[in-house]
Structures are given as C-alpha cells and as structure tokens.
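Q: Residues per chain, in single letters:
Protein chains: 2
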Amino acid sequence: MIKEITVAELNPERFIAENVADILTAVGDGRAINALSGGVDSSVVTMLGHRALGSRLRTVFVDNGIMREGEPERVAALFRDLGVPVEVVDARDEFFAALKGLTDPEEKREAITQTFYRQVFGRIVKESGARHLLQGTILTDVDETVAGIKRQHNVFAQLGIDPEKTFGYHILEPLLPLRKDGVRVVGRALNLPEEIFNRKPFPGPALSARVIGEVDPERIAVVRRATAVCERHLEKAPVFQYMAILHSDRVPGMRNGRRVYGRQIEVRCWNSLDARQATPTRLPWETLEAIAADLIRELPDVVSVTYNIAPKPPSTMEAV
Amino acid sequence: MIKEITVAELNPERFIAENVADILTAVGDGRAINALSGGVDSSVVTMLGHRALGSRLRTVFVDNGIMREGEPERVAALFRDLGVPVEVVDARDEFFAALKGLTDPEEKREAITQTFYRQVFGRIVKESGARHLLQGTILTDVDETVAGIKRQHNVFAQLGIDPEKTFGYHILEPLLPLRKDGVRVVGRALNLPEEIFNRKPFPGPALSARVIGEVDPERIAVVRRATAVCERHLEKAPVFQYMAILHSDRVPGMRNGRRVYGRQIEVRCWNSLDARQATPTRLPWETLEAIAADLIRELPDVVSVTYNIAPKPPSTMEAV
Chain P
0 MIKEITVAEL
10 NPERFIAENV
20 ADILTAVGDG
30 RAINALSGGV
40 DSSVVTMLGH
50 RALGSRLRTV
60 FVDNGIMREG
70 EPERVAALFR
80 DLGVPVEVVD
90 ARDEFFAALK
100 GLTDPEEKRE
110 AITQTFYRQV
120 FGRIVKESGA
130 RHLLQGTILT
140 DVDETVAGIK
150 RQHNVFAQLG
160 IDPEKTFGYH
170 ILEPLLPLRK
180 DGVRVVGRAL
190 NLPEEIFNRK
200 PFPGPALSAR
210 VIGEVDPERI
220 AVVRRATAVC
230 ERHLEKAPVF
240 QYMAILHSDR
250 VPGMRNGRRV
260 YGRQIEVRCW
270 NSLDARQATP
280 TRLPWETLEA
290 IAADLIRELP
300 DVVSVTYNIA
310 PKPPSTMEAV
Chain R
0 MIKEITVAEL
10 NPERFIAENV
20 ADILTAVGDG
30 RAINALSGGV
40 DSSVVTMLGH
50 RALGSRLRTV
60 FVDNGIMREG
70 EPERVAALFR
80 DLGVPVEVVD
90 ARDEFFAALK
100 GLTDPEEKRE
110 AITQTFYRQV
120 FGRIVKESGA
130 RHLLQGTILT
140 DVDETVAGIK
150 RQHNVFAQLG
160 IDPEKTFGYH
170 ILEPLLPLRK
180 DGVRVVGRAL
190 NLPEEIFNRK
200 PFPGPALSAR
210 VIGEVDPERI
220 AVVRRATAVC
230 ERHLEKAPVF
240 QYMAILHSDR
250 VPGMRNGRRV
260 YGRQIEVRCW
270 NSLDARQATP
280 TRLPWETLEA
290 IAADLIRELP
300 DVVSVTYNIA
310 PKPPSTMEAV
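Quick mapping for you: the protein sequence lines, in order, are chains P and R. Residues in the first sequence are numbered consecutively from 0, following numbering that gives the first Met the number 0. Residues in the second sequence are numbered consecutively from 0, following numbering that gives the first Met the number 0.
Just to be clear, a hint being listed does not mean it is correct.
Copies of the same chain look alike in the list, so a pair counts if it fits in one copy or across any two.
As the list claims (entries may be wrong) - Below, computed lysine to any residue pairings styled on SDA-like, alpha-carbon distance capped at 25 Å:
(1) K199 x R258
(2) K199 x E297
(3) K235 x M253
(4) K2 x G69
(5) K99 x V145
(6) K199 x R117
(7) K199 x M253
(8) K199 x E288
(9) K2 x R218
(10) K235 x R254
(11) K99 x R257
(12) K2 x D103
Calculated directly from the structure, the hints in this document are not laboratory data.
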C-alpha cells in the first residue's frame, strides 16, 4: 500500500532531499539508468537521479518513432542546458515493426511496452551494467493499472512482474506517493524550466495512443502534424492536456468539388487537476474553428474535425 | 439544363398554380403515385399532387426500418389531418436484409435505393397501375449528383436511367428549379404546418446515413435513441439540420470503474441556407454538455461524444 502525499501535505524541498538520499542509499557506489521521455514525471526523476548520482546516472531518450515533431532533439538540448547529458537512441524501426498489423489498443500498448523493456531499453540496460532503474511512476498510474482501466507501460509490481528476475535490475520509483499536481510542484522546486514542470501530459505510447487502428509511419505522420496544429493554438491555454486523435473510420467529404472518403481528426482538450476526472475545456469557438480550418488546410486528407464533449469518466483522456 | 428559381424570384402562389396545372396536364385522367418521407420536399410534392389529382394520387409511406422513432405513425397522422390519406408499408425486413454485411457508404446508399425502387416501391407502383410518379428532387440533389459528391436516391436522368424503361412510369419532379429555402416558402404557401415546412432535413437513407460501418437493427436502435436525445435538445434551435452519428471505431472508457471499449457518438449541428455550404452551429456549452450527459446516461455503451467543428466543404452534412 502506497501512502499518498497530497499537494497540501507536500514539502517539495524535503521530498527532494529525502528522495535524493534514498536513491543514493539504494544505488550505493553503483550505476543507475533511466529513460527520459521529456514528460514531467520522467524529467523530475531524471533531476532527482542526477542530484543523487551525477555522472553515475545514465539518462537515455529512446526515439520510438511515435514522438512529437523534433521531440528527441528538443528534450536532449533542454537537459544539456541543465547540465544533464542525455543519450538519444534511434529505435524507430524496431517499434514500427512491433506495431505492424496491430489494431487492438491493448495489443498496441503491450507491443510498445515489450519493445521498450525487453528489446530496446532492456538491451541498453544490460550493456550498461547498471543495476538500478529509476522510473517516474505516479500514484494515478498505479490506481488505473490496478483498476484495470489502463495498462500503464511502467507499473511492474502491480502486474506481478519481478523486474529483477525479468530484467535483471531493481526499480526505484520515487514519485509513487504523488499525483501529477505534486510532481509539478517538485519539478518547480528542482528548478526545471516551466515548459517542463507545467508540461501537458503526453504519456508513453505517445502518438500511437492518438491513432485509432493500425499504427504505421504514415498515420503517425498525420497525427504528428495534427498535434503540432493543436499545440500552436493551445499550448498557452490554461488546460490540463490536449490532443489530436486520428480516427480509423473514414467519412465522406469534398475536395475540389469531388467526393472523397477522408479522414477525421478528433480534438480533445481537458480540464483536470490530477487526471482522475476531467471535463472538456469550453474553448472559445474562434479557437475551435481556427484549429479545424488549420487541420483541414495542412492535412489534405482530412475532411472532418470533431471536438470531444464527454467527460472522464466514462471517457478516458487518450483514445487508445 | 434546369433554370433555377431563387427565393427572391419565387412567387409561391404562381409556382403552386403552375405546377398543379402541369401535374394535371401530365397525368390527365390517369393515376399518380408518390412516396412520402415526411421531409419538406416530399411533403410539398404530396400537397401539389393532392391539389392537382385528389384521390387519383396514391401516397405511400415506406417504413424502411431506418426512420426515427414513431416517424411512420406521426407523418401519416399529420397528413390525415390535412385530408391526405397516406398508406404505410412495413418493409423493414427487406431493407435490413439488403443492408446486411455492407460497410461502404456508397454500397449502403445503393442498397437502399435499389430496395426502394426495384423492390418495395417498384412493386407498389406496378400493382397500383399508376403511370406517373411524383418526386421531390430539388436542384441541390442534382448538383451534388452531377458533381459526384453524393449519390442521391431520387435523381434518375442525371444517372442515365430512363425511369419509364426501367420502372415503367414517368417521373414528375416539380421542385427541380428550387433549393431547400424555396421549397420551404412553397410549403408555407401550401398551408403545411410549420413543423413540416420548416422541418430539419432528414434525407432518404435516414438513420443509415448516421451509422458508420454496417447497418443492423441493433446499431440503428442506438442511433435512433441518440437522435431522439439530440432532438430533445435541439428541435427548437434555429439551425438548419442536426444529427447524431454512431461511429464504428471503438474507444476506451470506464463504466463502473472497469475499462470497456465503448461507442462514440458524434453530434453535428449545421447552420446553412441551402445545404450547399454549411458551418457548425456555435451551440452553447451548456447544451453540448447536456447532450453528452444524456447520451451517456441513456445509451449504456456510449463512452465518448464529440461535436463536429468542420465546415461543409470539405465535410458533408451527413456522415455516410
């Protein structure tokens, strides 16, 4: 049973000091490794590990091909500026090969998890000789995995997996008592830039969680472009998370006066404190119409754009 | 080439008098038949035919199983009150049999067209001995069929079909010079009740045009219920047309704390003058949220609701 630390209870400086000490105790004079995705959770864990271990922490950014435009370069540069070296590993082909032919959301998540842990990152960890792995699991991930709501990519104990036996390393999860709002408070106290500690969530399956049906480089390119359009309009909006989702259903439309079966992009924008419950943001109509117009103009195959109006629950944040 | 009569040019009394006379001239002392759907076009044609021919016009309402709740009874009662007898024919099984297994929108439209003209209505016309068929085709139907945008169910000449050779009857299409706005003006002048002459369009393929993927009685029941929810919230709204669309894509959601792959309903609500171009209505957020809440509450399998934010073009009004 994990004891939750709410934002009201959280003393970020003490949390940082205790966890830096705990990481140091656990790792001793050994080496640790962690995977940085650029999200707030893994960024905070990277900083905690860096404070505890310095160059004995190896931080890897795995480019799985389903990231946002320019993401690997951007994250690596940002942490380089903070004095934390990040190693970018190009594993795009491996991930797309594993996703080929899969349409079931759980199978897609599972393929990404397996490719990450058993193949790409597993291989890197083995070669590194590190015996400790730092992970950014938070309490909401555990809740949702236990409830069967969502299979998180980074919750092992709850799935009955012993990571030492399976992968040959110990897992350290300093953020387990926190929820997203608490992680942001710690991130700020760690002097992470606001674009990191206030970053909108963009979970592990990344763009593949925004493609209904089969994931391939072409469909990922469509949703990556759609995501960039949404970011242009919404990155300054005071919302919890937003996303563009590429549907599998085709809908009729007109291009140059001719009928086509085009694509539909669904936009979701959430108000939420901690991702457990969420409501659609009442965005200004001008913004919604500008997003739709840009998606249609910049993505020639898109003939239909929708905006989510259902809350979570019964919806989930992501669509896959 | 059809000469358009715009609303500005339209003299509804003269239009009615001329068309009643034309119908009478064409049919002579014979009999005519027409199919009434309850939409404004077929309702206006029914009234023109009734004025011209009285009891020599036979008006048939074909229940194809893909109509709104209570629609056959409602339309028949309404015209009975106007002194126009309407014969309701139950052809639900024939239509569902023809639609079975079809997912392509054009094949679905074609199956409905063929079942209607070659089977159900064709049989009724033959048995009736009528040699003239009155149809509510309007100019926009012709435009869209010619442009290849939409295969209308009621445009023959433009499709290269000779109805006399194919079906054994002449077609009279008095509304050909008009667009929807003109038809409404004529409907008012014919003393049709406002709920008819200002009725939101609900084209021939009806609920089957609001089901992406295969049409079966169960999926039609879902979208019929969703349509009733939308009507409850929007029937008084000053909009051109609205609809609920059942998607084929499944999306994850939560019901009673457990993950399910639920359904998504898309709501569209259009501002338009004549259906050639349309923009999504900027509905109040309270209305959108109330619609989403009711759809989720009344349709247990629905976990996601979206609202269309793309204009026509490149979208089309309907989704199939």
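Q: Which hint numbers does the structure go against, in order from smallest to largest?
A: 3, 4, 5, 6, 9, 10, 11, 12
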